[in-house]
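Given only the sequences and the hints, what does the whole structure look like? Please build it.
Top to bottom, those sequences are chains L and D.
As numbered in the numbering used here, residues 1243 to 1358 make up the first sequence, in order.
As numbered in the numbering used here, residues 514 to 1035 make up the second sequence, in order.
I should point out that these hints are in silico values taken from the structure, not numbers from a laboratory.
Here the structure is a predicted model, which means the values were calculated and not measured.
Certain hints may be false.
Unchecked claim - So these bits of chain L aren't anywhere near chain D, every CB distance computed over 12 Å:
| no. | residue |
| --- | --- |
| 1 | Lys1276 |
| 2 | Ile1298 |
| 3 | Gly1303 |
| 4 | Pro1328 |
| 5 | Met1337 |
Said to hold, decoys possible - Label pairs and their in silico Cβ distance ranges:
| no. | chain 1 | residue 1 | chain 2 | residue 2 | range |
| --- | --- | --- | --- | --- | --- |
| 6 | L | Glu1255 | D | Arg785 | 50 to 56 Å |
| 7 | D | Leu564 | L | Gly1285 | 35 to 41 Å |
| 8 | D | Glu792 | L | Thr1250 | 39 to 45 Å |
| 9 | L | Gly1357 | D | Arg785 | 44 to 50 Å |
| 10 | D | Lys561 | L | Glu1255 | 53 to 59 Å |
| 11 | L | Glu1255 | D | Glu792 | 28 to 34 Å |
| 12 | L | Asp1283 | D | Leu627 | 28 to 34 Å |
| 13 | D | Lys623 | L | Ile1317 | 39 to 45 Å |
| 14 | L | Lys1313 | D | Tyr649 | 40 to 46 Å |
| 15 | D | Ala804 | L | Thr1250 | 57 to 63 Å |
| 16 | L | Lys1276 | D | Ala562 | 41 to 47 Å |
| 17 | L | Gly1357 | D | Leu564 | 40 to 46 Å |
| 18 | L | Glu1255 | D | Arg585 | 29 to 35 Å |
For glycine and all other residues, C-beta sits at the position ideal for the given N, C-alpha and C.
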Amino acid sequence: MTESLNVTVDRREGLAVLYTEGYINNQGGEEIAKLAYKLIDEGYKVLLLNLAGTKIVNSIGISILIEIIEKMIEIDGKLGFCCLTPTIEKTFHIMGLAQYAPIFKDEAAAVAQLGA
Amino acid sequence: MAGAPQQAWDELLTLARDETSDRVLLDRLLDLWRREHGAEAAALYAEKAGLLRQEAAAGSGLPAVFDESSSRPEVGVLRIPGGRLLCLPASAAEAGAGDPLTLLLAATLKNCRLKADLKEQQFQVNYRVVELEALYDVGLAVAATLDLDRLSEEILLRAVSLLDARRGALYVLEDGRYRLDRTFGGEAGGWFDHDHPELRDFLLGGDTAPADLLPAARYLLGVPIQVESGARGLLAVGDKESRRGVGPFLPGDRRTLGLFANQAAIALENARLHLQALEKERLEREMHLAAEIQRQILPKGAPQVEGYAMAGWNRPARQVGGDYYDLFLMRGDRLGVVVGDVSGKGIPAALMVSVLHSALHLLLDQTELGPPLLERLNRHILESSTPNKFITMLLADLDLASGTFHYINAGHNPGLLLRRDGRVEELGASGVPLGLLAGILYQSRFATLEPGDLVCLYSDGITEAESPTDEEFGTDRLLDLMREHQDRPLQELLEAIPAAVTAFSQGSPQGDDQTLVLLRRE
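Below is the structure:
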């Protein structure tokens, strides 16, 4: 296992999906934020974070994800999460992320809901 | 302020009513301030961790962090509660001093800071809940997760995540050494002695850890994983993260990691015991199967031969044993009789029994039962066994018509021949046990069985069975039973001897495998 994070983006019609692989910590969170803000600048207002490749997230990573959520609210956009491990899903609920960014079991359900 | 256009005030009023737009309100107010006071640029700074950091800016040219000692003359500085308002040029600040718009700006900044502090505190409270949940979850895993591998990974990932560490390692204690089980975020040393002085001090709270514990980490924190009966491993995390990079762990982190390790210890111990139980169960199943195979090797009954009665019996000390016997007809007019005892007990002895049985019957297809067969068997056993393994054996060939009983005793207990008139003859050794020496020659001896003569071949598990006072059952008791049952059905003697041995032992554990072969000419 590695502490670094890889993020790839799939740009679709009206929606961009970010796939993470690795640790969402300070570096990983910044990497996601950089890409998310770039996508916002490109005009994307709906983002989906697919965390299937992530087993671990820390408080710094969460605080950065909260900032991305705030940014999405600011631009009247939507952000969702999918494919979370049970531990990460529980953490997101406790930390309040789920209150502002819906969590979906799989990508298909997320795309169906966010894209609607 | 009075000069501000109505449209601007309307916008500000709308923003003030919206709780989510404090930042936007601050930006708009600052921009209004800049325009009202003819400034090219204006920026607001709030005190944070001993520094004045920029919170909002209208226009450019002002620093991200303001250092009062290096203030430039062209920059105007206004002190406001909890921060500063800087502007370019400095002349714009004069009109701003005591201006209601400046006060409004200061109040909005303070409001923003309070909200940010509240948000941070809420975040910290929530994260404490995440920590407690992690402890609770690992506690639950005691009952739920018995997969040691999955549990170990979960424990390491949660420890790294909880402590905001960048890397970590889990070591398990095995045979007095800490063995690396897994790492996260970098390599680690393979193992450390349990009493490694530097490691021991480090786990007790010392600052210095062995260099290989988690080499990539600049800052380390480690705690032992221990249950009531002692240490089971250690958990180490490295490099505490913050938004500014990595640094040392905080004093409270040792306690958090320690609490987590205590919960993890119980979970790991539970999973380890479960694994052991599964392994024991598997071994028991295999032993059961081995015992079944061995039962197939031993004869299911004795040949029915007119003029003779014969029977065999075996009771291993464990599930499987190292004793062997066989009774078989050869060409219809001869009877083969074998009793053997492999040195040792349990699985190794049982495997040798299997080797002996196969080799003996293969050789019997090619050779007469006699010294040459035993010599070839000796060679085979010598080649097939470890140096300390040997087999004692009494092998006999009975001519059913004449009663001539040829026997070879390879280091086995002397068989007992009780004549009808009460005399006893011993069928003693005529060679060394099989598997000890190469090139051994065996000699055959014989006795003639007359009607009423009773032969008893046995293993030393019978005669050396011990009472609670360490007395051996002995051959005298065996002979007494033979005499007592000489004219009774043979089956009665076959049941009487084991019953007498069991009664003699009075519940003492059976120390050795027990085997009996009885043969009487009617």
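Do the hints match the structure? See the list:
{"no.": "1", "hint": "Lys1276", "verdict": "holds, 14 Å"}
{"no.": "2", "hint": "Ile1298", "verdict": "violated, 5 Å"}
{"no.": "3", "hint": "Gly1303", "verdict": "violated, 9 Å"}
{"no.": "4", "hint": "Pro1328", "verdict": "violated, 9 Å"}
{"no.": "5", "hint": "Met1337", "verdict": "violated, 5 Å"}
{"no.": "6", "hint": "Glu1255(L) with Arg785(D): 50 to 56 Å", "verdict": "holds, 53 Å"}
{"no.": "7", "hint": "Leu564(D) with Gly1285(L): 35 to 41 Å", "verdict": "holds, 36 Å"}
{"no.": "8", "hint": "Glu792(D) with Thr1250(L): 39 to 45 Å", "verdict": "holds, 43 Å"}
{"no.": "9", "hint": "Gly1357(L) with Arg785(D): 44 to 50 Å", "verdict": "holds, 48 Å"}
{"no.": "10", "hint": "Lys561(D) with Glu1255(L): 53 to 59 Å", "verdict": "violated, 42 Å"}
{"no.": "11", "hint": "Glu1255(L) with Glu792(D): 28 to 34 Å", "verdict": "violated, 56 Å"}
{"no.": "12", "hint": "Asp1283(L) with Leu627(D): 28 to 34 Å", "verdict": "holds, 31 Å"}
{"no.": "13", "hint": "Lys623(D) with Ile1317(L): 39 to 45 Å", "verdict": "violated, 27 Å"}
{"no.": "14", "hint": "Lys1313(L) with Tyr649(D): 40 to 46 Å", "verdict": "violated, 33 Å"}
{"no.": "15", "hint": "Ala804(D) with Thr1250(L): 57 to 63 Å", "verdict": "holds, 58 Å"}
{"no.": "16", "hint": "Lys1276(L) with Ala562(D): 41 to 47 Å", "verdict": "violated, 24 Å"}
{"no.": "17", "hint": "Gly1357(L) with Leu564(D): 40 to 46 Å", "verdict": "holds, 44 Å"}
{"no.": "18", "hint": "Glu1255(L) with Arg585(D): 29 to 35 Å", "verdict": "violated, 51 Å"}
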